[in-house]
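There are 2 protein chains.
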Amino acid sequence: MDSQSTADEPMQQDIRLDVSRPLLPFDRLRRMGIDSGDEHVIYLHEDSSICRSEGFGAYSRVQICMGERRILARLNMVRGALLKPDEAGLSESAWRALAPRAGETAMFSHPATVESLSLVRAKIHGQVLRREDFEVIVRDIADRRYSMLELAAFVTACADNHLALEEVGALTGAMVSSGARVRWPHAMVVDKHCIGGLAGNRTTPILVAIVTSLGLIMPKTSSRAITSPAGTADTMEMLAPVDLSLQHMRETVERTGGCVAWGGSIGLSPVDDMMISIERALDIDGEGQLVASVLSKKIAAGSTHVLIDVPVGPTAKVRDHAEARSLADCLTRVAGDFGVHVRCLFTDGSQPVGRGVGPGLEAHDVLAVLQGLSSAPMDLRERAISLAAALLELSGAAGQGARAVAMATQALNSGAAWRQFQAICEAQGGMRVPGWAAHQYPFRSTHAGCVLSIDNRRLSRVAKLAGAPKSPLAGLMLHVRLGDRVDMDQPIFTVHAQTRGELAYAMEYVHRHPCIVTLADAP
Amino acid sequence: MDSQSTADEPMQQDIRLDVSRPLLPFDRLRRMGIDSGDEHVIYLHEDSSICRSEGFGAYSRVQICMGERRILARLNMVRGALLKPDEAGLSESAWRALAPRAGETAMFSHPATVESLSLVRAKIHGQVLRREDFEVIVRDIADRRYSMLELAAFVTACADNHLALEEVGALTGAMVSSGARVRWPHAMVVDKHCIGGLAGNRTTPILVAIVTSLGLIMPKTSSRAITSPAGTADTMEMLAPVDLSLQHMRETVERTGGCVAWGGSIGLSPVDDMMISIERALDIDGEGQLVASVLSKKIAAGSTHVLIDVPVGPTAKVRDHAEARSLADCLTRVAGDFGVHVRCLFTDGSQPVGRGVGPGLEAHDVLAVLQGLSSAPMDLRERAISLAAALLELSGAAGQGARAVAMATQALNSGAAWRQFQAICEAQGGMRVPGWAAHQYPFRSTHAGCVLSIDNRRLSRVAKLAGAPKSPLAGLMLHVRLGDRVDMDQPIFTVHAQTRGELAYAMEYVHRHPCIVTLADAP
Numbered sequence: 048m049d050s051q052s053t054a055d056e057p058m059q060q061d062i063r064l065d066v067s068r069p070l071l072p073f074d075r076l077r078r079m080g081i082d083s084g085d086e087h088v089i090y091l092h093e094d095s096s097i098c099r100s101e102g103f104g105a106y107s108r109v110q111i112c113m114g115e116r117r118i119l120a121r122l123n124m125v126r127g128a129l130l131k132p133d134e135a136g137l138s139e140s141a142w143r144a145l146a147p148r149a150g151e152t153a154m155f156s157h158p159a160t161v162e163s164l165s166l167v168r169a170k171i172h173g174q175v176l177r178r179e180d181f182e183v184i185v186r187d188i189a190d191r192r193y194s195m196l197e198l199a200a201f202v203t204a205c206a207d208n209h210l211a212l213e214e215v216g217a218l219t220g221a222m223v224s225s226g227a228r229v230r231w232p233h234a235m236v237v238d239k240h241c242i243g244g245l246a247g248n249r250t251t252p253i254l255v256a257i258v259t260s261l262g263l264i265m266p267k268t269s270s271r272a273i274t275s276p277a278g279t280a281d282t283m284e285m286l287a288p289v290d291l292s293l294q295h296m297r298e299t300v301e302r303t304g305g306c307v308a309w310g311g312s313i314g315l316s317p318v319d320d321m322m323i324s325i326e327r328a329l330d331i332d333g334e335g336q337l338v339a340s341v342l343s344k345k346i347a348a349g350s351t352h353v354l355i356d357v358p359v360g361p362t363a364k365v366r367d368h369a370e371a372r373s374l375a376d377c378l379t380r381v382a383g384d385f386g387v388h389v390r391c392l393f394t395d396g397s398q399p400v401g402r403g404v405g406p407g408l409e410a411h412d413v414l415a416v417l418q419g420l421s422s423a424p425m426d427l428r429e430r431a432i433s434l435a436a437a438l439l440e441l442s443g444a445a446g447q448g449a450r451a452v453a454m455a456t457q458a459l460n461s462g463a464a465w466r467q468f469q470a471i472c473e474a475q476g477g478m479r480v481p482g483w484a485a486h487q488y489p490f491r492s493t494h495a496g497c498v499l500s501i502d503n504r505r506l507s508r509v510a511k512l513a514g515a516p517k518s519p520l521a522g523l524m525l526h527v528r529l530g531d532r533v534d535m536d537q538p539i540f541t542v543h544a545q546t547r548g549e550l551a552y553a554m555e556y557v558h559r560h561p562c563i564v565t566l567a568d569a570p
Numbered sequence: 048m049d050s051q052s053t054a055d056e057p058m059q060q061d062i063r064l065d066v067s068r069p070l071l072p073f074d075r076l077r078r079m080g081i082d083s084g085d086e087h088v089i090y091l092h093e094d095s096s097i098c099r100s101e102g103f104g105a106y107s108r109v110q111i112c113m114g115e116r117r118i119l120a121r122l123n124m125v126r127g128a129l130l131k132p133d134e135a136g137l138s139e140s141a142w143r144a145l146a147p148r149a150g151e152t153a154m155f156s157h158p159a160t161v162e163s164l165s166l167v168r169a170k171i172h173g174q175v176l177r178r179e180d181f182e183v184i185v186r187d188i189a190d191r192r193y194s195m196l197e198l199a200a201f202v203t204a205c206a207d208n209h210l211a212l213e214e215v216g217a218l219t220g221a222m223v224s225s226g227a228r229v230r231w232p233h234a235m236v237v238d239k240h241c242i243g244g245l246a247g248n249r250t251t252p253i254l255v256a257i258v259t260s261l262g263l264i265m266p267k268t269s270s271r272a273i274t275s276p277a278g279t280a281d282t283m284e285m286l287a288p289v290d291l292s293l294q295h296m297r298e299t300v301e302r303t304g305g306c307v308a309w310g311g312s313i314g315l316s317p318v319d320d321m322m323i324s325i326e327r328a329l330d331i332d333g334e335g336q337l338v339a340s341v342l343s344k345k346i347a348a349g350s351t352h353v354l355i356d357v358p359v360g361p362t363a364k365v366r367d368h369a370e371a372r373s374l375a376d377c378l379t380r381v382a383g384d385f386g387v388h389v390r391c392l393f394t395d396g397s398q399p400v401g402r403g404v405g406p407g408l409e410a411h412d413v414l415a416v417l418q419g420l421s422s423a424p425m426d427l428r429e430r431a432i433s434l435a436a437a438l439l440e441l442s443g444a445a446g447q448g449a450r451a452v453a454m455a456t457q458a459l460n461s462g463a464a465w466r467q468f469q470a471i472c473e474a475q476g477g478m479r480v481p482g483w484a485a486h487q488y489p490f491r492s493t494h495a496g497c498v499l500s501i502d503n504r505r506l507s508r509v510a511k512l513a514g515a516p517k518s519p520l521a522g523l524m525l526h527v528r529l530g531d532r533v534d535m536d537q538p539i540f541t542v543h544a545q546t547r548g549e550l551a552y553a554m555e556y557v558h559r560h561p562c563i564v565t566l567a568d569a570p
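Taken in sequence, the protein lines are chains E and G. Going by my numbering, the first residue of the first sequence is number 48, and it counts up by one from there. Going by my numbering, the first residue of the second sequence is number 48, and it counts up by one from there.
Just chain E, with the same shape it has in the complex (with noise of 0.2 Å):
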């Protein structure tokens, strides 16, 4: 070895640059069949052309134009026999957003520098941003030009209390430019929001019933489940269809004065739902977004007094009171520079409202009470009477207090509220009832004594591993409440099922968790 052994560098050539972008025409793109959650993917071989040309590695992120359609994938490399090197596999997600056609070429390129990462890097750096930043860094959201990992960043910057006041209403603001906005030609809209954390507790249905009976205009569009064993909008599809368009739900709510709609097909606030799904997946969340995340939404749905339900209770997701004050204090300010009148009323969170847990069995609970039936759930009644009385007076269209109230139960008890939800069902699409699923099995008590409490995560839980809400007919029935007696061996709920195997494993999860409801003893 020595050092001749270096070999001389070559002479430079000047050639001819040939730059051409990478192109794939529509038949070598592959619909892979693969969901891949959130984050668009594409499949490139590692011996494609496009990863060589243009230095595309594993986990890269690319743009594919096709048409007018621009969208950001990450990449997956792929080697053997599931693709050519000469193709390009999209996941779903990505396939149905560049939607592909004959005759078309997909181009593939690096994405552009996304520019308002900086300003997510100065939030995590503790700095207030102003009202143009978020709108730039929730465009650049919409647009997808976030990964997964830095939408997982902004949201852990804003968690907590690392909002302030005004940019809690910024946040909000922008989330509302980021989608559809639906006006109404009426000068008054009302609608309601639950924080949530309650099994059961399906009100709305109830609510928007009572409240149209009364001459309100309530145009309600509900989630389904994300996390949860229910979304209203499942439990309202044993009833009607939900998955309406805009136009259809205008006719409706001009029919009827009110509907409770998908609102997923709308597109009200998009960037609410993607930042929901981190904010779940990652469990953490902080008054500011949550309180930007429900307004952006109630703007953005053209609503003008807005009542929300904060059930406050041990399990829930509002634990005290004093959590309960302040996001109050903050829904309040930041809804009165939209112009928009909120109501917040604290509902107990302690325990479950209603019986059924699950979309058929939730709807089942809504028809009991709709129709007055003796064995209807009487919190629940109870609990959608009060919001559609707290309802009435926010809009002013009762008095305060009893009169608002007798107005609400009495819209109920006459059948007014019954007819009403009929002639909503039927505008939406037509009125149907839910069946009952295949299995039934009860959870007895071990022993007699008196409920203590019960744990509404867990139970829901329980729900979920039944099949709710994939199997809209699984989920539980709650036959006890707070105080309640209980004898030994009495069924405290029971769960169903539409295969066995789901009610064997949602039957294990219970009996490893025994304090699902907790019994003290009997004096």
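In short, the hints are calculated from the structure, not lab data. For clarity, every value in this text was computed on a predicted model and none was experimentally measured. One should not assume that every hint holds.
No copy labels: a pair is met if it fits in one copy or bridges any two.
[Said to hold, decoys possible] Result set (SDA-like, lysine to any residue): computed pairs, CA atoms no more than 20 Å apart in a straight line: (1) Lys517 - Ser96; (2) Lys517 - Arg126; (3) Lys364 - Gly243; (4) Lys517 - Ser107; (5) Lys131 - Arg78; (6) Lys517 - Ser156; (7) Lys517 - Thr274; (8) Lys364 - Arg168; (9) Lys131 - Ser461; (10) Lys517 - Pro317; (11) Lys364 - Thr160; (12) Lys517 - Pro132; (13) Lys364 - His172; (14) Lys364 - Leu164; (15) Lys131 - His172; (16) Lys517 - Asp502; (17) Lys517 - Arg108; (18) Lys364 - Arg450.
Once you've looked at the hints, dock chain G against the given chain E.
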């Protein structure tokens, strides 16, 4: 529609419960050949009984056990023919980690709740964590219990200066404990780390040759490139094998006093690698994370005296001297708690060091300096000598200042360092010499002037677009340094690439970014 239309609830049945976790035999597992990046992915058909019975949805985290091995993977649901309903597919990393064997059975379940995430949430809320908190967090990360999103939340919560000094020490110690730890029979083991950010600057192989020729023990482990055009391990691999087992590394050090090996196969501070990959993806880091990252690797490697090269310059990682001093202070204090002597050397970070950027081109520079060729880049030679002198001083093997510099210079001039380097390469498996890339193309100045600034980051980008480090001979040769007078049409740098496509792509970037090298008009 009347109240009779609500079907009666059927009677509860008491059925036999058969709880069985879903299982799949070895021959139902498919290696998908998909590189999903840092997170394991499991692919299940949407009709899979595993999804149904366990209630998994898209993006669920799934625990898979096989033999004594257990991995956590993110679920991607598949429709169509990619996978059968009774099969489970695994991404490349998941397949390697689970290492399925014939005769074994895979069991699928929900992963246990990761309790340490509550500590991450406490950190987000601004709390100071204790030593045992970091230990449990880092252990869970090492066990891959954290999703990428959760890791991003932890990294974000620790970013900027959110870690107190004692927390940096606690995180460092926890990271050391998370992996292998090497112990050497020598009282003094020297090491070197560069904070990075400069193109080229491949001093390590030269430094190791100099100081081990003077009797120091320097078992150097280096990384491969993550986002740069070359890591030290990539460059050294052009000259000798670097993928050494710990045993091979020990034998090399025993024979020669030193080595330059790839650290990846030895498993030092594995959590550091996972956190670095998130930090780079987010382009966020903080002093505390940087210190824990550097020191955990050095402590785990058994080093006692560590020289840290801190290039300071506007486009280097550390941008000014205040930042450099704060970093040096944190590094020396935390290292002291672990009994490790650290010295930080602030170096000129205003321009690349050496001419080559890219594994093969940097290796040519290294060889030229070691062989004392007249063509050797003098800045690289000087930088290596001053680092070697600082390390000799730190170790006590030389007096202060001039004497240490003279010893290092003499080791190079006498050929001792070159002979020592050849011995190390032979011990690592045999010396070799890199060739040259197939295509070279010069970027010429469009006017005469004086070199005013060189953008390290963009220069690195050009080398990567040309194919480095995957094409190890690709990259660029820089022909000018700050202050040089340049004539019109004189080559500023030459891009080297193995394909004309990559060459064209890099040159296109160069033409779009004319400020990579800025010239002041000649006076």
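Outcome of the hint check:
1. With identical chains, the CA atoms of Lys517 and Ser96 are at most 20 Å apart between copies only, with a shortest distance of 14 Å across copies and 42 Å within one.
2. Taking the shortest Cα distances, Lys517 and Arg126 sit within 20 Å of each other only across copies (17 Å), while inside one copy they are farther apart (34 Å).
3. Taking the shortest alpha-carbon separations for Lys364 and Gly243, only the intra-copy value of 6 Å comes in at or below 20 Å, while the best inter-copy value is 46 Å.
4. For a Cα distance limit of 20 Å, the shortest separation of Lys517 from Ser107 across copies, 14 Å, qualifies, whereas the shortest one inside one copy, 34 Å, does not.
5. For the homomeric pair Lys131 and Arg78, the shortest alpha-carbon distances inside one copy (13 Å) and between copies (17 Å) are both at most 20 Å.
6. For a Cα distance limit of 20 Å, the shortest separation of Lys517 from Ser156 across copies, 19 Å, qualifies, whereas the shortest one inside one copy, 38 Å, does not.
7. Proximity of Lys517 and Thr274 under a CA criterion of 20 Å is satisfied intra-copy only: 12 Å inside one chain copy versus 42 Å between copies.
8. In the homo-oligomer, the alpha carbons of Lys364 and Arg168 lie at most 20 Å apart only across protomers (16 Å), although the nearest pairing inside one protomer, at 29 Å, exceeds that limit.
9. When the C-alpha separation of Lys131 and Ser461 is checked against a cutoff of 20 Å, the pair qualifies neither within a copy, at 68 Å, nor between copies, at 56 Å.
10. In this assembly of identical chains, Lys517 and Pro317 lie within 20 Å of each other by CA distance neither inside one copy nor across copies; the values are 23 Å within and 39 Å between.
11. Taking identical chains as interchangeable, the C-alpha atoms of Lys364 and Thr160 lie at most 20 Å apart only when they sit on different chains, with a minimum of 19 Å there against 38 Å within one chain.
12. Taking identical chains as interchangeable, the C-alpha atoms of Lys517 and Pro132 lie at most 20 Å apart only when they sit on different chains, with a minimum of 18 Å there against 38 Å within one chain.
13. In this assembly of identical chains, the alpha carbons of Lys364 and His172 lie at most 20 Å apart only when taken from different copies (17 Å versus 29 Å within one copy).
14. For the identical chains of this complex, Lys364 and Leu164 are inter-copy neighbours only, at 18 Å across copies versus 31 Å inside a copy, given an alpha-carbon limit of 20 Å.
15. Taking CA atoms no more than 20 Å apart as the test, Lys131 paired with His172 passes in neither setting, with 45 Å inside one copy and 48 Å between copies.
16. With identical chains, the CA atoms of Lys517 and Asp502 are never at most 20 Å apart, being 22 Å at best within one copy and 55 Å at best between copies.
17. With identical chains, the CA atoms of Lys517 and Arg108 are at most 20 Å apart between copies only, with a shortest distance of 18 Å across copies and 32 Å within one.
18. For a Cα distance limit of 20 Å, the shortest separation of Lys364 from Arg450 qualifies neither inside one copy, at 31 Å, nor across copies, at 69 Å.
Going through the hint list in order, the structure does not satisfy hints 9, 10, 15, 16 and 18.
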